[in-house]
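Starting from the known structure of chain A, arrange chain B on it as the hints suggest.
Chains as they are written, first to last, in my numbering: chain A, 10 to 459; chain B, 49 to 554.
Misleading hints may appear alongside valid ones.
[Unchecked claim] Okay, derived cross-link-like pairs now, EDC-like style, lysine to aspartate or glutamate, Cα gap no bigger than 20 Å in a straight line:
#	chain 1	residue 1	chain 2	residue 2
1	A	Lys443	B	Glu420
2	B	Lys121	A	Glu84
3	B	Lys524	A	Asp301
In short, the hints are calculated from the structure, not lab data.
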Amino acid sequence: QEAAKYEKKVMVLDFVTPTPLGNSWGLGGTCVNVGCIPKKLMHQAALLGQALQDSRKFGWQFTEEVEHNWMTMTESVQNYIGSLNWGYRVALREKKVTYENAYGEFVGPHTVKATNKRGVEKLYTAERFLIATGERPRYLGIPGDKEYCISSDDLFSLPYCPGKTLVVGASYVALECAGFLAGLGLDVTIMVRSILLRGFDQDIANKIGEYMEEHGINFIREFVPIKVEQIEEGTPGRLKVIAKSTKGNQIIEGEYNTVLLAIGRDACTRKIGLDKVGVKINEKTGKIPVNDEEQTNVPYIYAVGDILQDKLELTPVAIQAGRLLVQRLYAGATSKCDYVNVPTTVFTPLEYGACGYSEEAAVEKFGEENIEVYHSNFWPLEWTVPSRDNNKCYAKIICNIQDNERVIGFHVLGPNAGEVTQGFAAAIKCGMTKEQLDSTIGIHPVCAEV
Amino acid sequence: GKNEYDLLVIGGGSGGLACAKEAAQFGRQVAVLDYVEPSPQGTKWGLGGTCVNVGCIPKKLMHQAALLGSALKDAQHYGWNIAQPVHHTWSVMAQAVQNYVKSLNWGHRVQLQDKKVKYFNMKGSFSDPHTVRGLTKGGKETIVTAENIVIATGGRPKYPMHIAGALEYGITSDDLFWLKESPGKTLLVYYPFILHLYEIIVYISLTDASPDVSLECAGFLTGIGLDTTVMMRSIPLRGFDQQMASLVTEHMESYGTKFLKRCFPTKVEKLESNRLQVTWKNTDLGTEETDSFDTVMWAVGRAPDTETLNLETVGVKTNSETGKIIVDASEATSVPHIYAVGDITEGRPELTPTAIAAGKLLAQRLFGQSSELMDYDNVPTTVFTPLEYGCVGLSEEAAVQCYGSDNIEVYHAYYKPLEFTVAERDATQCYVKMVCLRERAQRILGLHFIGPNAGEVIQGFALGIKCGATYPQLMKTVGIHPTCAEEITKLHITKRSGLDATVTGC
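Chain A with its partners taken away, still in its complex shape (with noise of 0.2 Å):
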């Protein structure tokens, strides 16, 4: 959209592989029909379901136990997520760039064939290309993962309750969707090959998973499944998980109706024809490595968002990044994408919002000594009445002694960690420092006066 406000002509192929299991969707990409959105919106379900609970504490009544309607929820959902394609494709042709609904893949030099659904080709050439073909769930390799279990990409337009579930994987993608699954009253279970969250920090990771537990989820760790039998059909079946333990020969079995995979993404990359074009990418993770104005070892061939290697996988940065890619080309402009401090959320029951170095980190790059780490729980005012939690919220950040004690790592868990988050990304960015921030007065009752 941003290269045809410069006048030049743009064409747009996006093709949806479907599912193992046949599903598919609309104009738009992960996040508006399989990520971040349908996510978040599933999460909201998830927290009203908590806010019923809190309300009869502040004076609403209804007596009966109130019970959840997957199915009223996925249409409102799939609803929404209608019109948000609709928008994209009124939006480019408003804007006068050609929309082809075809599978691309490079031939030759400048030019790429475009398959639709029905198999029709057709050859295009241009004179700069931008690969943005992001990532689908990754499959474990065992028996039955394709034929009985879904992904993310399935979960949010399932046209049936998935019942007790199994939630694979300790990414941020399981955590959430096993943390909705639970807060709309479903059995879930997470199984954890290792450690949750790997990459972020691990102090609140822990916390976080403690929170979950603590709420129902249980938690099977350092276990692997190798296999899943079905044992009825069904909308949802039942089906059967063996597991092996990660340290040792035990074996367990489980019985659940939905058995959800979250245990990575693989970009989608190696059938595009890259090879034609002499496109290098990471053969090990099929990542593309770009240059920082995020041109590929192809002079005219560039790429952003999820398939980027060594860059974070997050909607914002990859419209930014896209953004200032074509005012470079063709504006003029010189700015590059700033990957540094850029603020993250996890949807958790409980949400984690960060900004810039974990504890961890901190401690690898500038030395223990080096840094100061000031922390707090809190207990949100809203949580008093209903009596919920009162020390599992938690604010921390990581201080540079030897930079004016600047401040390089902010985390906060608790309610709308995302809108606390944001605005102390951007004091970041501006080089706050713990004086600073101490220097700041907090607007009270809130959780981020923290």
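Same frame as chain A, now just chain B:
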């Protein structure tokens, strides 16, 4: 003779307690006097001051109760099978809130004890610059002497004494949070900063304005299902950015709060049914109108609590118009060794966090080795109306006045919170604007946000502004997706351009 205490604090509220506890950390002998004169309706409360007992805390909890009411409606769209409409019981909420407040009163007493601060539940008045006479409810007297004295007695709601029946039949925010029974059909009469002797509205051009508990009360009363009307003579949220103020009240109107604009009451009478009949003048139509209510709440401003302190005896100067104590940048009054913090001081925002910070810094200057003064610039605040409004820095009007409209740039956007989509909620007033200097660096002068969790959103940005944040720096900050706060990092339409500021899509 030697003074008994190093520090005596008169007033056990946000400012007073913070100061006392901080001083005690330095190993000083500290005493606190706290006393609550019952309201005309007889309401009284424990240690902790306005915020804890009749301000921020109960207000936010009742606001939360109202928000939960909306959540219950949303929940149906998200698949929760709950029969509508759901009813609210005031007494369940009030008791829960009051119990929590009492636990805070208790907590404060324990804290003072732990920190070896002597606490007197007495009303203080000056005998001389180092001597205060404390009087208990029963009339018992104690004399306390101290090297340094801090006055932190705060303020109390005013009554419009010229309106017949106002005192006998009306309540204020002092009473609302302690009602055991539902207030029922309520009229809130709202005049910011009116002098009760003359019907002149005093314009106070503050760059920091203090939130009005009144609109917030009207908001949550509506939210829990009560028939609520706000009567205003002129504009709401005076001192705040007026565009934002009107979005806030517009939302309240669509939310169900009734507004009687450009009206003022002339008398309140009690009916046989025990209901209250209010008569008022409608200045637009030039007519007189009446209606009956169960409760009438006055929100006509707060008066500093200095009357019984005997300030004239020791020569502490007050502002002749407002009655507030005049202090310098170090919180010192006109009398050496006598200081003042919090709502009682002239020219300061009436906010808990500023009182706390000022109190702490004062103690650090008196007893620690610090020379750090309180910085009252860029204090963020939030108005907890049904659709919350958070802000920091200058309003658009103040910026224009200060720098001229040619020298400022205003970026703005109308956005829709993701959670409103499935819930089918109206997001017409969800809006954010940033006022910047127009010159190259584009330093941010003010940030204004209306939407859910406004306080959480604004807090971090307030920090950024304290660090001198500029528009380009904010634009380099990557957004967190999906949140409302990220809209701030995406602002790019200026008011000057005249373009449509509605955010579309991802």
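Status of each hint after checking the structure:
Our distance criterion of 20 Å between C-alpha atoms is met by lysine 443 of chain A and glutamate 420 of chain B, whose separation comes to about 15 Å. Taken as a hint, the lysine 121 of chain B and glutamate 84 of chain A pair is honoured in the structure, with Cα atoms around 17 Å apart against an allowance of 20 Å. A C-alpha spacing of about 15 Å is found between lysine 524 of chain B and aspartate 301 of chain A, which places the hinted pair at or below 20 Å, so the restraint holds.
Of the numbered hints stated above, none is contradicted by the structure.
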